[in-house]
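Visitor: Chains A and B, in that order, give the protein sequences. Counting from 1, position 165 in the first sequence corresponds to residue 165 in the numbering used here; the numbering is continuous, with no gaps. Counting from 1, position 87 in the second sequence corresponds to residue 87 in the numbering used here; the numbering is continuous, with no gaps.
Do not take every clue at face value.
Distance condition first, Cα-Cα at most 25 Å in a straight line; then the derived PhoX-like pairs of lysine-lysine [unchecked claim]:
{"#": "1", "chain 1": "B", "residue 1": "K12", "chain 2": "B", "residue 2": "K114"}
{"#": "2", "chain 1": "A", "residue 1": "K238", "chain 2": "B", "residue 2": "K170"}
{"#": "3", "chain 1": "B", "residue 1": "K114", "chain 2": "A", "residue 2": "K274"}
These aren't lab readings, by the way, just hints derived from the structure by calculation.
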Amino acid sequence: MAHRWKNTLTRADATPLAAYMNRRQIMAGAMGLGLIGAAGMARSQEAELEPNSWEDITQYNNFYEFGTGKSDPARNAHTLTTEPWTVAIDGLVDNPGDYSMGQIMEAMTIEERIYRFRCVEAWSMVIPWNGFELADLLNLAGVQEGAKYVAFETALRPDEMPGVRFPVLDWPYVEGLRLDEAMHPLTMMATGIYGKPIPNQNGAPIRLVVPWKYGFKSIKSIVRITVTEDEPPTSWNKANGREYGFYSNVNPEVDHPRWSQASERMVGGGLFAKRQPTLMFNGYEEDVASLYDGMDLRANF
Amino acid sequence: MLVDRINQAARKVPTWAVYIVYLIPVPVLLYMAQTGGLGREPINALERELGEIALQLVIIGLCISPLRRFIGVNLIKFRRTIGVLAFTYVVLHLLVWAVLDVQSIDRVVADIIKRPYITIGMAAFILMLPLALTSNNTSVKWLGAVWRRLHLLTYPVAILSGVHFVWLSKGFQLEPLVYLTVILALLALRVPTLVRKVAT
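Chain A on its own, in the form it takes in the complex:
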């Protein structure tokens, strides 16, 4: 069901593509005229959040299938064929099968969600996604009794993906969520950014977005969704289990063994960008903390 979750970042924060360059000036002007009232100031911290530019979002990516450099995906991902595209949905579902992108888009209501995006490498962005809740897709497939987890798999196409020639990770890229995480209204499948079809380097034609977890959980270019009873393997956990756990919730108090997670740097701030404190569950604590009641977040990192 669309529009179940209301964004604290509003439409006003997602500036039309053509106007985002002018946004600061408009905002400054509005402030000066006193147009922003008390209601606006109440969520002033949120109001300060501004979606990153199209360039930031589409030219600074981790998508190791297209190379490990941050600009490699933007340079190399054009080779990915995204039409036709089908997503196999299988496992503990009533209606298993290959779902074409056309079928999926027809069944889903696309909405916009402006989410913070926090990479495990301690950089972050604010991204205006277009997509639908994963729960809607899972309900379409019909989740069966006994299901506890959802596994995801990225396309593996050596002919189209220069990065998979070297075993940086055990390809294909796989990820997973607990069923309640997957069904959470914040969890979405993105098919667009800034109202445009999602670029290949950002995970075209369809990707997961779980805003309270480190970015690598939000698996790109998904070809398979499997509903399972057991916790599925996840790529970074397989590569280095000491550093990357299954949950990988954004948590400023639990450091990565090789770097601190207490602060982050917003991409696009240039050479003198200031670090900002990282928020618990990436700022979505109110929405998702209850999923982990009684759980030791240090042990289940």
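Use these hints to put chain B onto chain A, whose structure you have.
Guide: Same frame as chain A, but now just chain B:
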């Protein structure tokens, strides 16, 4: 002979020319960082570029004596220049990391203590300090044989730098492993001589 021609040409090149050529990347990288040439997030990119140039210079420095011993190409007069340049890039790498990236003394100290790859990077820097301080002609003259032994510190510096690069990488990446392999191979070439020296 090609070797003779290289040696003759090398004699004509003043060391200051090497300094100038090798310092050109500094303003170029700073300009690129300011104008988007290093991507949307220039701090990490700049840090990485400077570190990589430093590592390349360490490797070039390690090539000089094998080049003379095995091929007869004599570039010894540039060795100290290369070393000073490597140190310069390490200092810049460190400054960008501490000032632009980490942005606080507390966090710098915490990182050096808590993050092993930063600890060994810092160890490499500290081992380089006596080398940089004694890189002038006076020191070479005064210290004599001690100078030569002191500058064997280049070997642990090279190993630590190579491991630093491998350790900071995510996943199984080729490039840092290539650097470390080259460093270990260049050091392996010296083992027979070192063993002979210790034996006698």
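Visitor: Compare the structure with each hint and give your call.
Guide: Outcome of the hint check:
A distance of roughly 48 Å separates the Cα atoms of K12/B and K114/B; the hinted pair therefore is violated under the 25 Å criterion. This hinted pair checks out: K238/A and K170/B have alpha carbons roughly 13 Å apart, not beyond 25 Å. Taken as a hint, the K114/B and K274/A pair is honoured in the structure, with Cα atoms around 22 Å apart against an allowance of 25 Å.
In summary, the structure is inconsistent with hint 1 from the numbered list given earlier, while agreeing with all the others.
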